[in-house]
Amino acid sequence: MKTLLDTLYNAWIIGSKDIQEALKNKSSRSNIIIIVFMVVFFYWLSDLRPFDKKVRVVVYDEGKTKLALETVKLANGVEYSFRPASSLQNMEQKMANQTLGLVLPADFDQALASGDTATLNGYIFWVDRKKVTELEAKYSQEFSEILNQPVQVDIGENIIIPQANADGSQTNLTYLMVYFVFTTALLLIPHLMLEEKQAKTLDALMTSPASPGQIVLGKALAGFFYILVIGGLALALFSLYIVNWALALAAFLGYALLAIGVGLLVGSFIKSMKQLGSWMLVLALVLMVPPLFYMSSNLKAGIRMVLTWVPTSTLASLFRFSCTIGATMAQILSNLAIALASIVIVFGLVIWKVRRFDR
Amino acid sequence: MKAIEVTDLTRNYDGLKAVDGISFSVEPGEIFGFLGPNGAGKTTTIRMLTGQLLPTSGTAKVAGYDIVTERQKLKPKIGVVFDNQNLYERMSARENLIFYARLYRISKTCVNEVLTQVGLSERAGDKVMKYSNGMKQRLMIARSLLHEPEVLFLDEPTRGLDAHIARDIRGIVANLAKGGMTVFLTTHYMEEADQLSQRVAFLDQGRIVALDTPAQLKADYGKDERTTLEDIFIQLTGSDLRKGSEKL
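If you're matching them up, the sequences are chains R and A in order.
Here the first sequence stands for residues 160 to 518, numbered as in our numbering.
Here the second sequence stands for residues 474 to 721, numbered as in our numbering.
Quick caveat, the hints were computed from the structure, so don't treat them as lab data.
Glycine is no exception: its CB is placed at the ideal position from the N, C-alpha and C atoms.
Among the hints, a few may not be true.
Chain R is nowhere near these chain A residues, computed Cβ spacing over 10 angstroms in every case [as the list claims (entries may be wrong)]: (1) L489; (2) G494; (3) Y538; (4) N559; (5) E568; (6) R616; (7) H637; (8) K696; (9) T701.
In silico lysine-lysine, DSBU-like type, Cα no more than 35 angstroms apart, as pairs [unchecked claim]: (10) R:K359 x A:K651; (11) A:K546 x R:K512; (12) A:K534 x A:K490; (13) R:K433 x A:K603; (14) R:K183 x A:K609; (15) A:K600 x R:K356; (16) R:K356 x A:K696; (17) R:K289 x R:K223; (18) A:K603 x R:K512; (19) R:K289 x R:K212; (20) R:K356 x A:K609; (21) A:K603 x R:K430; (22) R:K430 x A:K550; (23) R:K359 x A:K490; (24) R:K359 x A:K550; (25) A:K600 x R:K185; (26) A:K581 x R:K185; (27) A:K609 x A:K534.
From the structure, some residues in chain A lie toward chain R, with a derived Cβ separation under 8 angstroms [to be verified]: (28) Y486; (29) N511; (30) Q525; (31) T529; (32) G531; (33) V553; (34) N557; (35) Y577; (36) I579.
Pulled out of the complex, with its shape left as it was, chain R reads as follows (with noise of 0.2 angstroms):
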């Protein structure tokens, strides 16, 4: 027990000495800045939708009404698009990058004869769940000036929460959240190992009662500092995508300590600033480049065989889960089980390479 309160204090030392370090460090610094503004630049286009001027709708018609819902534009710039569905399920399947799932109930074109205010059944996807009276009033007010007479678009509890493997905004959150948590670390974690050696501070810090273990782990620490920064902000802002907590807190924090040891090996393994450089781009493409195709509905099976023994796609895949419905537990643990593999082998090489110091 006091040998792992020694360990974990003794890491704690170093750890809070680097972040201490880093915050006094302008190239850190403004990595740490940059990242933060890309966090909530995505966010503001995914929940602004800024140059989203296209509301798409997936129609499922009861009653096979003589209504042609045909593209239209509106005065105030929106313009509405429609596709067909055959039915409710294929409605809500054919939603994925769609805005808006519309019931046109079997008698509407009556409703619509009789100059009533007609009723039609709005579905939503859940990241929109909090703004279903805004939404209510835009549509019905909308709709009523596509269709010249009063329309009410009634939402209620229809929210589509999507299906696990599904494409969509989830799966763009998911590979948002990759590039975040890696960039993060691609940019910044080398730099703990790195200067360490550069400086031949870490002479210093080897003949001080701290051992390579603690080292490495009190790197581990002033990484997940980092990763807690940009990943908790980025969680946050994007908190309505998640479905399941223990799911997603679980992806994070497996992304966070591959991307932790994927950056202590680099720091390690490499000499100079030049050298990162290189490493880097051929990191970022290893790293980042597999999650967004094994994501990917249309992939072969074989390119999606190979791409499963990949943690980044395994842990995008476990992220998506937790934005999803519908995985199933054998999904979960195999994700899982490779993710912790991973993590467990990059850190093994990390402790081996700092106990190789000596050699």
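Fit chain A to the supplied structure of chain R, relying on the hints for placement.
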């Protein structure tokens, strides 16, 4: 118990013997000069004795602890002043020392004491990057003294410093030895070794070629009373260097 006890210590790098079967011992409270030309194996020996580098063969004990099997126990017993100024430059001198004090579980009052001891109290809040070489060297000594080690390793502590600062540092080292600390000193300055060390060892191509008190070495190898330690050093070491210069 000897402060340092080395038996047949060897270290190879890619088949080349950087340190070749050296044996010696250092008494507690002694200043031991370890002298040799560049590349003779001085720093490699210090790195092995301080647990930074594993020996290829041989054994050594420092402060009673084996340098291979008892490294973690050895660490609190030794202080090291490295041959390069390895300090956290963006942090102040005080912050540097507080960091190490926490690792050694030492109170912050000790930090102020060592800062006073090396004459850095007034500039303790300045970032190390603003320090002169001499101030950095003092800070390195302060860091090595924080935990009151039994054995202090000084790897060329006055290299590149002006005469005044070098003299100050020699004064600090002499005072430490008076206080009972064992000092293992490597230096290029023979006068410094002569002035400070009770005994010196000359290292050449990884081997100890002479080991005794400066006075005895002068008596054994000197031609007359004007012979200096430097004369003997040149006589006993650097044969390869001399051969090279003769060819030129």
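Verification of the hints:
| no. | hint | result |
| --- | --- | --- |
| 1 | L489 | holds, 15 angstroms |
| 2 | G494 | holds, 20 angstroms |
| 3 | Y538 | holds, 13 angstroms |
| 4 | N559 | violated, 4 angstroms |
| 5 | E568 | violated, 7 angstroms |
| 6 | R616 | violated, 7 angstroms |
| 7 | H637 | holds, 26 angstroms |
| 8 | K696 | holds, 41 angstroms |
| 9 | T701 | holds, 33 angstroms |
| 10 | R:K359 x A:K651 | holds, 31 angstroms |
| 11 | A:K546 x R:K512 | holds, 22 angstroms |
| 12 | A:K534 x A:K490 | holds, 21 angstroms |
| 13 | R:K433 x A:K603 | holds, 26 angstroms |
| 14 | R:K183 x A:K609 | holds, 19 angstroms |
| 15 | A:K600 x R:K356 | holds, 20 angstroms |
| 16 | R:K356 x A:K696 | violated, 47 angstroms |
| 17 | R:K289 x R:K223 | holds, 32 angstroms |
| 18 | A:K603 x R:K512 | holds, 33 angstroms |
| 19 | R:K289 x R:K212 | holds, 20 angstroms |
| 20 | R:K356 x A:K609 | holds, 18 angstroms |
| 21 | A:K603 x R:K430 | holds, 26 angstroms |
| 22 | R:K430 x A:K550 | holds, 31 angstroms |
| 23 | R:K359 x A:K490 | holds, 24 angstroms |
| 24 | R:K359 x A:K550 | holds, 21 angstroms |
| 25 | A:K600 x R:K185 | holds, 15 angstroms |
| 26 | A:K581 x R:K185 | holds, 28 angstroms |
| 27 | A:K609 x A:K534 | holds, 30 angstroms |
| 28 | Y486 | violated, 10 angstroms |
| 29 | N511 | violated, 18 angstroms |
| 30 | Q525 | holds, 5 angstroms |
| 31 | T529 | violated, 10 angstroms |
| 32 | G531 | violated, 15 angstroms |
| 33 | V553 | holds, 5 angstroms |
| 34 | N557 | holds, 5 angstroms |
| 35 | Y577 | holds, 6 angstroms |
| 36 | I579 | violated, 11 angstroms |
Comparing the model with each earlier hint shows violations of hints 4, 5, 6, 16, 28, 29, 31, 32, 36; every other hint is respected.
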